[in-house]
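Its first residue numbered 710, the sequence shown is counted upward by one per residue in our numbering.
Accuracy of the hints is not assured; some may be wrong.
[Stated by the list, open to error] Only pairs whose alpha carbons sit at most 30 Å apart, straight line, appear in this in silico DSSO-like list of lysine-lysine:
(1) Lys875 to Lys852
(2) Lys789 to Lys883
(3) Lys852 to Lys789
(4) Lys789 to Lys875
(5) Lys852 to Lys883
[Unchecked claim] Label-pair restraints from in silico Cβ distances:
(6) Ala720 to Gly887: 42 to 48 Å
(7) Lys875 to Met726: 23 to 29 Å
(8) Glu737 to Glu849: 27 to 33 Å
Please keep in mind that the hints were generated in silico from the structure rather than gathered at the bench.
Since the structure is predicted, the reported quantities are computational estimates derived from the model, not experimental observations.
C-beta atoms are modelled at their ideal positions from N, C-alpha and C, and glycine is treated no differently.
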Amino acid sequence: LTDIQLPAQIAAISNGMFYNCSALTEMEIPAGITGIGSYAFQNCTGLTNVVIGDGLTAIGNYAFQTCTGLTAVTFGENLKTIGYYAFCQCSSLQSLVLPSGLEAIGDYAFYMCDAIESMVLPANFNVELDALTAVLNMIENLKSITVEDGGTRYASVGGMLTDDSKSTILYCPKNYAGPV
710 LTDIQLPAQI AAISNGMFYN CSALTEMEIP AGITGIGSYA FQNCTGLTNV VIGDGLTAIG
770 NYAFQTCTGL TAVTFGENLK TIGYYAFCQC SSLQSLVLPS GLEAIGDYAF YMCDAIESMV
830 LPANFNVELD ALTAVLNMIE NLKSITVEDG GTRYASVGGM LTDDSKSTIL YCPKNYAGPV
């Protein structure tokens, strides 16, 4: 299986649906799909690009774990939950732009995603700080975090995460590359 076009009437991708489909290279999740089950694309090592439609609200636990060829994920704006270990060991994933609707990120969601150097958070990003820093601590090579202008909870200064008034540093990436 190298390519698949999901029919419009499909509402969810079940647990383990494409598990170990190592020849699958790209996946576009249509807007009608609201959920991706646990382990759905686990170990799809040939998968390089995923585009998630705006209908998706939840990515299950381990859904894309060990997709070592994955370099890019485009998240739909209505995504609410990324499960734990969802993108763990996606060692080629280069950057993250998280959607504005995101409410929860599971522990270790991006663990061992060693190519990620930058992350962009939307202005209205509202995930709890403890949950966010738990995820950030697992991204070993992260150099900078950017929060879009007008942040209501968070902001960024020189690649560091701050409170919305930019008066308190909340998180400095492990491989911070900004001014000292």
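>> Between the beta carbons of Lys875 and Met726, is the distance compatible with 23 to 29 Å?
In response: The hint (23 to 29 Å, Cβ to Cβ) is violated, given that Lys875 and Met726 are roughly 44 Å apart.
> Range hint 42 to 48 Å: satisfied by the CB atoms of Ala720 and Gly887?
Replying inline: 44 Å Cβ-Cβ, so the 42 to 48 Å window holds.
>> Check the hint pairing Lys852 with Lys883 against an upper bound of 30 Å on the C-alpha distance.
In response: Holds, because 7 Å separates the two Cα atoms, which is no more than 30 Å.
> When you check the alpha-carbon spacing of Lys875 and Lys852, does it fall within 30 Å?
Replying inline: holds (18 Å)
> So the hint says 27 to 33 Å: do the beta-carbon atoms of Glu737 and Glu849 match that?
Replying inline: Because 30 Å falls inside the window, the suggested range holds.
>> Please verify whether Lys789 and Lys883 have alpha carbons no more than 30 Å apart.
In response: holds (26 Å)
> Straight-line Cα separation of Lys852 and Lys789 no greater than 30 Å?
Replying inline: holds (25 Å)
>> Between the alpha carbons of Lys789 and Lys875, is the straight-line distance 30 Å or under?
In response: holds (26 Å)
Violated hint for the displayed structure: number 7, the only one.
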